[in-house]
Amino acid sequence: MSQPNRLNQGGSIDRSKPLDFTFNGLRYSGYEGDTLASALLANGVDIVNRSFKYSRPRGIVASGAAEPNAIVQLGSTEAAQVPNVRATQQALYQGLSARSTNGWPNVNHDAMGLLGKLGGPMMGPGFYYKTFMAPASMWMTYEKFIRKAAGLGRAPQEKDPDIYDHYNHHCDLLIIGAGPAGLMAALTAARSGARVIICDEQETFGGSLLETADLLDGKPAQQWLANALVQLSDCGDVLMLPRTTANGYHDHNFVTLHERRTEHLADTAPEAHQSRSRMHHVRAGQVILATGSQERPVVYANNDVPGNLLCSAVSCYIRRYAVVPGQKLVVTTATDIGYQAALDWLDAGREVVAVVDCRANPDGDRVKQARQKGIRIITGSAVFEAKGSKRVTAARIAAVDLDAFTLTGQLEELACDTIASSGGFSPVVHLSAHTGARPVWNEEALGFVPGRVKGMIPAGGADAIYSLPAVLESGLQAAQQALQSCGYAAVSVDLPKASQRIESKSAALFQVPHLKPTSRAPKQFVDLQNDVTAAGIELATREGFESIEHVKRYTALGFGTDQGKLGNINGMAIAARILGQTIPETGTTVFRPNYTGITFGAIAGRHCGELFDPERYTALHAWHLKRGAKFEDVGQWKRPWYFPVGNETMHEAVARECQAVREKVGILDASTLGKIDIQGADAREFLGRVYTNKWAQLGLNKCRYGLMCKDDGMVMDDGVTTCLGDNHFLMTTTTGGAAAILDWLELWHQTEWPELEVYFNSVTDHWATMTITGPRARDLLSEVTDIDLSKDSFKFMECREGMVAGVPARVYRISFTGELTYEINVQANYAMHVWNALFEHESTYGLTPYGTETMHVLRAEKGFIIVGQDTDGSVTPEDLGMQWCVGYDKPFSWIGKRALSRPDTRRKDRKQLVGLLPTDPSVVLQEGAQIVFDPKQSIPMKMKGHVTSSYYSPTLGQGFALALVMGGAERMGEKVYMPMADGRVHEAEIVSPIFLDPKGERQNV
Amino acid sequence: MLHIYCPYCGEHREESEFRPKGQAHILRPKDPDNCSDEVWADYLFFRDNPRGLHHEMWLHATGCRKYFNVTRDTVSYEILETYKMGEQPKITAQSRAAGGEK
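Line by line, the protein sequences are chains A and B.
First residue of the first sequence: 1, per UniProt numbering; consecutive thereafter.
First residue of the second sequence: 1, per UniProt numbering; consecutive thereafter.
Calculated from the structure, these hints are not laboratory results.
Keep in mind that the hints are not guaranteed to be accurate.
[Stated by the list, open to error] Pairs of lysine-lysine residues, derived as DSS-like cross-links and limited to a Cα-Cα distance of at most 30 Å, are as follows:
(1) A:K219 to A:K497
(2) A:K694 to B:K90
(3) A:K694 to B:K21
The structure presented is a predicted model; accordingly, all values stated were derived computationally and were not measured.
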């Protein structure tokens, strides 16, 4: 349980609070304030994973979001499993249990590593495409093998016990990053009264101030930081969100923030009803991008062997966590940050072997300091190869000519166990790139800075500003600029005094040349997470993939959860060198959301289970439930599908329901039908323009079926509209089309005919609709109403207002079943009362509730279409044989009319609606089945149509169908064929689509 | 997610309240029965797909239910103006090229 790499003092960990944890089943201990990564390093754990493709042992490289190797599977129980957590971002808690995501049987003895060694040369870029190309049928086999070998964590197999929140915010300023730039911006904005949100992905605010040795106002920067945080938290208009990653930057300053609320405490949220994490959806007036910069590692041979770290990570682990990740350090650097790592290492009491600097004459303050402390400095040189397999054992160094890309002079081998590298800094531009803004190359800073995004201001390291005084000033200026944009008065804030350090100019060091050509040298890793090497990039360009986007896809550079944090700029620089281009000519690939991985739970929030999508219930839903209805989803509506009695199958239930309607009386809850109230002096004229048929003569209390087309002449909706007054109509639409039809009516009124006085309102939910249908419908209704129902006074296609079961009602005598039918409409909150009143007579009349399936059978027997089932947006009224419903001589050129005279809509061989009777009466054709005229022709057969509706009719005693068949109207009596996937071929005869009561006598009783 | 100013409501609202309705300023031929098939087909089927400024129609579906027009840059997704039905855009590709309002 000892922590060999832990210092006895220093750091911001709490040594009085030891924490136990397990990694790959072994027990370790760390302290409160540790990350999982710092605790592993403290315990001397070198190998944390096996690499994605080559299965090479890997150790911790970085200290934050950029970590490519220490990707772990978290969770001590199955339900608590979380894949792909970066150990560098995971706070340690008591009982934490983590495993490597790769490595079998374990990371120290990995069977797959052998494959990597043997098969390594064969597993170049594009290896998936090349090796597993053929035969295609073997892919499933290959895939299983590859998944086992690679893979990045696994999803839990059990239900997530946690809950997740979504919050919506509006703010004036969103500050992303709470390092010196972000904090300075927040302090400035807080003075102005603006609403501010400041977030940071780390456990605590401060960024580089948490570990810097610099002084602010003559005191340690950490003191200034603590004071700043108190000031901000005292300000009511500043929302401070630590442990919160800005994951996606979307259009118009819409930013998604992922706040981890309990991930630092336990596997699952410790308190009941506590959300584990929270997604903040922020609409910001201005965004200050203070995401800082990311140090680039140097690309040299075997730079992936455990013990190779970033210089900034070395300093961070020593200063923040009091952990020295090794004994003997070699630094290879192009910046003065390398010297800081060496100084920190030396202060921790361990040995610095040498600082190898590729620059000829570095002369910054920290260089001088290192020289004074007696550290060996080797200039004009670089580490070109690390030795060792499971841990670095030595660094091979040589003088280097970067322009000529060759090594010069003497080679030297330095024994060490740690190599820290610093190739310079890249601004963290990912978020700005999410919006589509391409990063812009800054030659002075040797890095890409954020492209222009409206409403976004980069500050500090994100804008390639690196010295502390300049960073603080840029935060202040960004805030002032943002406040001005939001309309706030300028505020003056004092900048803390920071000493200006002399830095030597950084060099451009990406890849170090090797003695051998890149393709023959030991692997030089560019993207550690995806196992992309410099040789791989070289090969990709040699094979013709010259665009950086192609190189990315061929090699997997910057893929997946990594999104190119450490490797992308190096990869682009290497591609540029090979192609003889500049880096800006080569350009960057696109960084995409999310910046770091995010759980599905956080994305879903409370939108899961029954809250996934709204469910709409009619006023009679409770009755349907009690009656044991099976439900069907129609849009968001839950509609009764059928009402089984006892152990009835659906087929039996539907047969019984159909029979009840044809012989006695059935009742359907039709409340979901779309209903639009249309009023105004020009309502009638408007109807004449949007429907294909005529409305000029429709009298009071008369109903008419209407067909609606788009202006291309294709049927889009149908329904019955009733005249309730000279300026008042009630339109019904299909259940699914209700909202779209309202939009459609508004569209034509608002854009084409604003001169018409007409108003539309949806009343779908206001009215409940109960359809009673069957020979005994009149007798039943007469029990509960005083409306005169006699044949001659209340005719077919008429409407009456009156009392039904003691409540005001509108009754429509229309029919979708072909039987005598009354549709009773009452205010929705009376519906249950009326329904129950009707069911008091259930046994007297054999009243039978039926659902949508029976409704479909009954309407299809009559050849009544369902728009969207028997039509598909390519069917005209005439294709449906509904010429009777088209008023070609109406004065106004109604919607769809002109298109019906286009040559295409006049074709004789258009698909037309017909009925089909299968030769074998027991056959129920498959809806969607393709129709051919000659079943003996060779494949591919000529498809001549398809079945649109098909059912078994208890009334006909056989299966029947509606279908669209080319030239079908002229083919009555002909046979067509439906070849099925199982080899059978069904035969059917083309008949009229009206199977029952063609003269309509049953409804006219 | 776009942030759209409804010229009728006079407020910026979230995109989820709106529905896109395609290219704006499509004129239905005045006399459909006497226009050529080509003119009718052009009205029905042909739409611009510009890289840059585009005038679009949007519906404030869960708000005021009004249709209105939006001038939007299809590259940056920036909305440069919204204006009521029947009005003309102030910002066009021509005005932009001429160095007018950006």
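Now the hints, each set against the structure:
| no. | hint | result |
| --- | --- | --- |
| 1 | A:K219 to A:K497 | holds, 10 Å |
| 2 | A:K694 to B:K90 | violated, 41 Å |
| 3 | A:K694 to B:K21 | holds, 28 Å |
This entry does not satisfy hint 2, going by the numbered hints stated previously; all others are met.
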